[in-house]
Amino acid sequence: MRNERESRRARPGAAAEGMADRRVLSREECESILERAHGFARGGGETRVVVTSWWQGELRWGRNRVSLSSDRRDIVLGIERKVVDGRPSGTLNVTTNQLDDGFIEAAVRAAERKSLLGIDPGWGLGDYPPLPEYPPYVGAPVWSDATFNLTTEARGEVVRAMIAAVEAEGLLSAGYLEVRGASAMSKGTEAPELRQGELAFWDLPYSVWTHAQLSITVRDSTGGGSGWAALASYDWNRIDPEALTERAIQKCVASRNPVALEPGRYTVILEPQAVADLIQPLVDSLASREDAERPSASPWYLGPDEHLGLHRSKLGMKVVDSRISISHDPSDPSLGIVAAPMETPGTVTWIDRGVLTNLGFGLSTDVKWLEGWHTLRGPLAYRMSGGDTTIEEMIASTRRGLLVTRFSNIRKLDDVSLLCTGLTRDGLWLIENGQITKAVKNFRFTESPLFVLNNVEQLGEPVPVFRPVLHPFLGGPMPAMVPALKVRDFSFTSLVDAV
Amino acid sequence: MRVLAWLPVLSTVLLVASPAAAQTLFAWPDTAVDVSKYTTVEECHAAVVRVIESVRRREFFVHRVWRDTLPYDPAEDVRPVPAEAREAARSCGTRFSDVEAQPVSEYRMLVPLYFAAGWDDKAEALMKRRLEAAAREGDAELAAALDTVVYMYSGRTGTAWGRTSLVGFPGLPVDPPRLDLVNAVVDEYLPRISDRVRRIRILMTQVRLARLGARLDTARIEWAAPQILSLVDSLSEAEKAQLADELTGFSEDKDKLEERLYREVYRAIEGVNQRRALLDSLRHSTAAYVREFRRQRPKDVNVPYGRPAPTLEADVWLGCGDRCEPRPTPGRVSLVVFFYHDVVRELPYDHHKCVRVISGAEGIRAHCPRLVYTLRRLADRFPELDITIVTRTHGFFGYLKEDMTAEKEAELLKRWLEYFGVRAVISMTETDYWRLPNHDRRRIDEPTVNEVNYSFDGPAGPRPNGWSVLIDEDGLIVYDTVLQPDSPGSAYESDLIEMIEALLERRAARTT
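Residue numbers (numbering that gives the first Met the number 0), protein chains in the order written: chain P, 0 to 498; chain L, 0 to 511.
Bear in mind the hints are in silico, worked out from the structure with no lab data behind them.
Keep in mind that the hints are not guaranteed to be accurate.
As the list claims (entries may be wrong) - Computed from the model, here is a short list of chain L residues facing chain P with C-beta under 7 angstroms:
#1 Lys-36
#2 Tyr-37
#3 Thr-38
#4 Val-61
#5 Gly-397
#6 Leu-399
#7 Tyr-418
#8 Tyr-432
#9 Trp-433
#10 His-438
#11 Arg-440
#12 Arg-505
#13 Arg-506
As the list claims (entries may be wrong) - Here are some chain L residues pointing at chain P (derived, C-beta under 8 angstroms):
#14 Phe-60
#15 His-62
#16 Asp-341
#17 Phe-395
#18 Phe-419
#19 Arg-441
#20 Glu-445
As the list claims (entries may be wrong) - Derived pair list, reagent style DSSO-like, types lysine-lysine, alpha-carbon separation capped at 27 angstroms:
#21 P/Lys-367 to L/Lys-127
#22 P/Lys-367 to L/Lys-400
#23 P/Lys-437 to P/Lys-367
Remember, it's a predicted structure, so these values are computed and weren't measured experimentally.
C-beta atoms are modelled at their ideal positions from N, C-alpha and C, and glycine is treated no differently.
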């Protein structure tokens with residue numbers, strides 16, 4: 000059972016081929032390390048071992064010159080020991096990246112010394128039934144040979160071509176290209192009397208993933224215009240450096256000589272990246288049902304229900320425009336994530352046609368309150384539904400408004416309303432009578448994504464956006480598909496003297 | 000790149016150029032701890048605390064007995080400092096041993112260290128210097144200093160080994176407490192404080208100290224109470240107003256200050272007598288006990304003492320063979336314990352969790368040990384006590400949810416309790432429930448018949464986890480309490496034990 004679970008998760012063919020140069024550990028190597036580490040744990044107690052290996056290649060440039068190029072890799076072997084009646088030493092408190100027997104044994108002994116520093120005899124486990132099996136989700140696309148095989152030389156060539164295109168226009172560029180690959184596996188011995196298989200449901204079977212990102216900012220030499228384009232994906236083949244460069248150059252040229260407009264409420268056309276930036280606080284808030292069902296500053300907390308004796312959330316209530324859904328299908332080729340153990344397999348819909356239908360929750364919430372025995376992930380990766388209106392059509396239908404490339408420096412001002420503030424960046428244009436007429440100086444906005452998603456006029460087609468953040472626990476990619484939006488009454492509160 | 004190419008050459012040159020004599024071979028540093036090298040009193044405090052903790056840790060690893068599984072022992076409160084800690088305090092405190100040379104301002108840190116080192120005379124001398132210096136500075140300073148000294152001698156300062164500091168002092172407490180010294184300093188210095196309001200406040204501290212924890216120091220109350228009462232009677236109106244301002248909050252009625260003071264003092268004195276009266280009446284009869292209880296607490300009209308205990312109902316009985324009903328069993332002293340292996344309602348307060356939903360390696364251990372250990376101690380101590388665990392179905396146990404039935408839940412709970420040595424009859428009731436509609440889908444449990452019957456005049460619903468009802472051999476309710484899993488004291492347990500003993504004595508006397 001274990002082999003079947005792991006093999007389906009890890010896409011072994013691709014992984015084995017890509018690991019020929021040992022940039023990340025293979026399954027056999029991980030298993031060997033875990034076995035050796037457990038072998039050094041003698042004298043009873045409990046042992047948990049986590050092995051992670053990662054590789055990262057990066058290239059950073061500024062003012063058309065490369066400033067950093069690296070190719071790094073490391074291994075983190077974390078060991079937790081709980082000697083009999085001692086305290087748990089903490090998995091990440093004792094780590095090593097040396098895999099000789101002597102070093103591993105020394106790490107195990109160090110973990111045991113930490114455990115002996117305190118008394119925790121436990122209260123006894125009690126008599127529990129055997130641990131259940133949690134079949135993990137299989138088939139999520141998270142590994143790309145193209146990403147893993149993008150060598151230092153290849154990265155240099157990519158960036159050389161991008162810089163050459165920028166220089167040909169007499170412009171300056173800065174950017175960052177990064178590719179990553181990683182593998183991880185964990186194994187513990189807690190509660191051996193309950194275990195059925197080798198791995199408990201909270202252990203991480205062997206998992207591998209890749210991640211790539213490329214961003215470029217183009218400025219003119221006077222600092223008067225700025226353009227930006229970027230993309231992140233597990234698969235380098237899905238990132239087109241030439242197209243990104245072309246887009247950044249276009250935006251830079253078009254954003255020269257901006258004029259100042261009065262702050263106020265405008266109809267705005269938000270490009271997909273701007274939408275992704277703006278709704279990130281909302282997306283984050285969808286992760287915790289527990290927060291929403293206790294007195295909290297969660298935007299989804301409704302209030303106490305004295306009659307039933309519990310706290311109510313806004314689940315089941317319409318919270319945004321009915322054309323908007325936010326969901327995730329882990330088999331979507333654009334939205335693969337490294338699934339954590341115990342997760343609900345399959346598609347999750349947090350907002351369905353404007354109605355809040357789900358919030359992420361932990362295992363105990365499901366077991367105690369609901370009908371299942373899984374965790375429900377928050378929108379680590381997500382697809383926001385859209386429409387079929389192109390940005391050009393949105394512009395054509397706008398009498399007076401602004402076109403926003405993206406936002407930056409977004410800070411949340413109020414947890415309940417999700418009121419945020421931030422800046423427009425890298426291209427803001429005035430639209431008059433269906434046409435872009437001039438570049439505009441950047442604004443500070445003060446607005447809530449909840450208000451924005453209730454003022455939607457038109458929606459574009461969802462496309463991949465730049466979302467380079469990594470899974471908080473496993474380090475895997477967290478992609479998103481987001482549409483452009485045309486929104487009325489967007490609040491800009493001050494001018495910003497920056498490009 | 001050209002710079003990098005030069006690096007090997009450069010390093011070779013440097014190595015050749017370095018004189019071999021300047022090299023120092025690596026040697027492990029001396030990591031042995033020598034507390035005598037510590038230079039500050041704070042370091043000494045920390046060292047002694049660490050030694051005490053390590054000694055207790057070592058004791059555990061040798062004896063393998065967890066204190067919470069043992070009956071409460073009042074001797075624990077006055078256990079002297081371990082010899083190793085005393086040696087550490089002496090070694091570290093040597094540089095502070097000349098008490099006359101120490102600044103009096105350091106007394107709060109030095110005095111506990113002197114006591115830990117066994118230098119009681121030095122501690123008393125420094126304390127006396129502090130009080131005399133305060134006396135020279137005036138009434139207010141002396142009152143403040145005396146207040147602090149009382150707290151220190153009482154062992155109520157310091158934060159070591161979980162003892163709560165009342166006045167926010169960090170570090171080592173005076174352990175064991177020197178209550179005889181409290182009396183001595185109060186006798187000597189209290190009369191020198193002319194401010195009668197401050198004197199009352201210090202004496203009130205005496206009363207509170209006597210009632211802290213599981214101990215009740217009746218002699219101290221009897222010593223302080225008459226002094227407080229006579230002082231209160233002699234206060235002028237202005238002094239009463241001052242005392243009212245200092246002692247009462249904005250929400251309190253200042254006109255009831257005297258009542259409050261009397262109540263606090265008398266309650267401390269009467270507490271012992273009332274307890275004795277209750278137990279004496281219980282030994283006589285439950286009716287007499289209830290009469291005495293009503294006399295002492297006339298406002299507690301909803302307390303069901305003296306009422307017949309409702310007969311328990313269950314869909315599944317375990318641990319009682321074919322003699323499960325009626326229960327509580329007539330003719331036996333019974334303890335009915337409402338116990339939930341997880342409760343789902345979380346308003347108005349969070350019930351104490353017991354058997355948790357295990358969601359990962361960190362949650363693998365159970366979480367209500369004191370409750371089950373208390374039950375085990377009661378069962379071991381009173382084999383003739385009839386303990387019934389009243390519970391309800393939740394639809395899961397631990398992480399297990401599939402194919403769960405009332406029988407299975409009862410069996411799993413019984414096995415779980417038996418693991419901790421708790422042998423009791425299980426009364427499992429099937430819970431009626433419904434689910435919230437419209438994406439919420441939470442399970443809403445209805446009260447069980449036992450919860451309704453045992454709610455008496457209060458709202459029906461889950462009882463606090465560990466809520467226990469003591470019932471006499473005639474089926475009359477005598478006492479109820481919550482076996483709080485997080486309660487650090489054992490006062491409730493000793494109360495329960497005394498009452499069970501009284502009931503069993505009475506029953507034995509009847510049968511003979």
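Tested hints:
1. Look at L/Lys-36: its Cβ only gets to about 23 angstroms from chain P, farther than 7 angstroms, so that hint breaks.
2. Checking L/Tyr-37 against chain P by beta carbon gives a least distance of about 20 angstroms; that is not within 7 angstroms, so the hint is violated.
3. For L/Thr-38, the interface hint is violated, since its Cβ never comes within 7 angstroms of a Cβ in chain P; the closest pair sits about 25 angstroms apart.
4. Taking 7 angstroms as the C-beta cut-off, the interface hint given for L/Val-61 is violated, the closest approach to chain P being about 11 angstroms.
5. Because the smallest distance between the Cβ of L/Gly-397 and any Cβ of chain P comes to about 5 angstroms, under 7 angstroms, the interface hint for this residue holds.
6. The beta carbon of L/Leu-399 comes within 5 angstroms of a beta carbon in chain P, closer than 7 angstroms, and the hint placing it at the interface holds.
7. Residue-level restraint check for L/Tyr-418 holds (minimum Cβ-Cβ distance to chain P is 4 angstroms; threshold 7 angstroms).
8. Checking L/Tyr-432 against chain P: minimum C-beta separation of about 11 angstroms lies over 7 angstroms; hint violated.
9. A hinted interface residue such as L/Trp-433 counts as satisfied when its beta carbon comes closer than 7 angstroms to some beta carbon of chain P; here the least separation is about 10 angstroms, so the hint is violated.
10. Of the supplied interface hints, the one on L/His-438 holds, with its beta-carbon coming within about 4 angstroms of a beta-carbon of chain P, less than 7 angstroms.
11. Hint status for L/Arg-440: holds, given a least beta-carbon distance of 6 angstroms to chain P, under 7 angstroms.
12. The interface hint given for L/Arg-505 is violated, since its Cβ lies 35 angstroms from the closest Cβ of chain P, which is over the 7 angstroms cut-off.
13. Interface restraint check for L/Arg-506: the shortest CB-CB distance to chain P comes to about 33 angstroms, outside 7 angstroms, so the restraint is violated.
14. The beta carbon of L/Phe-60 is positioned within 8 angstroms of a beta carbon in chain P (closest approach about 7 angstroms), and the interface hint is therefore held.
15. Nearest Cβ of chain P to the Cβ of L/His-62: about 11 angstroms, over the 8 angstroms cut. The hint is violated.
16. Restraint check, L/Asp-341 versus chain P: the minimum CB separation of about 6 angstroms is within 8 angstroms; hint holds.
17. Given the 8 angstroms rule on beta carbons, the hint for L/Phe-395 holds: about 5 angstroms separates it from the nearest Cβ of chain P.
18. With a least beta-carbon distance of about 6 angstroms to chain P, the hint placing L/Phe-419 at the interface is held under the 8 angstroms criterion.
19. Against a cut-off of 8 angstroms between C-beta atoms, the interface hint on L/Arg-441 holds, since the closest Cβ of chain P lies about 5 angstroms away.
20. At a threshold of 8 angstroms, the smallest CB-CB gap from L/Glu-445 to chain P is about 11 angstroms, leaving the interface hint violated.
21. As the CA atoms of P/Lys-367 and L/Lys-127 are separated by approximately 61 angstroms, the hinted pair breaks the 27 angstroms bound.
22. Note on P/Lys-367 and L/Lys-400: the hinted pairing holds, with a Cα-Cα distance of about 9 angstroms set against a maximum of 27 angstroms.
23. Proposed proximity of P/Lys-437 and P/Lys-367 is contradicted: the alpha carbons are some 58 angstroms apart, above 27 angstroms.
Comparing the model with each earlier hint shows violations of hints 1, 2, 3, 4, 8, 9, 12, 13, 15, 20, 21 and 23; every other hint is respected.
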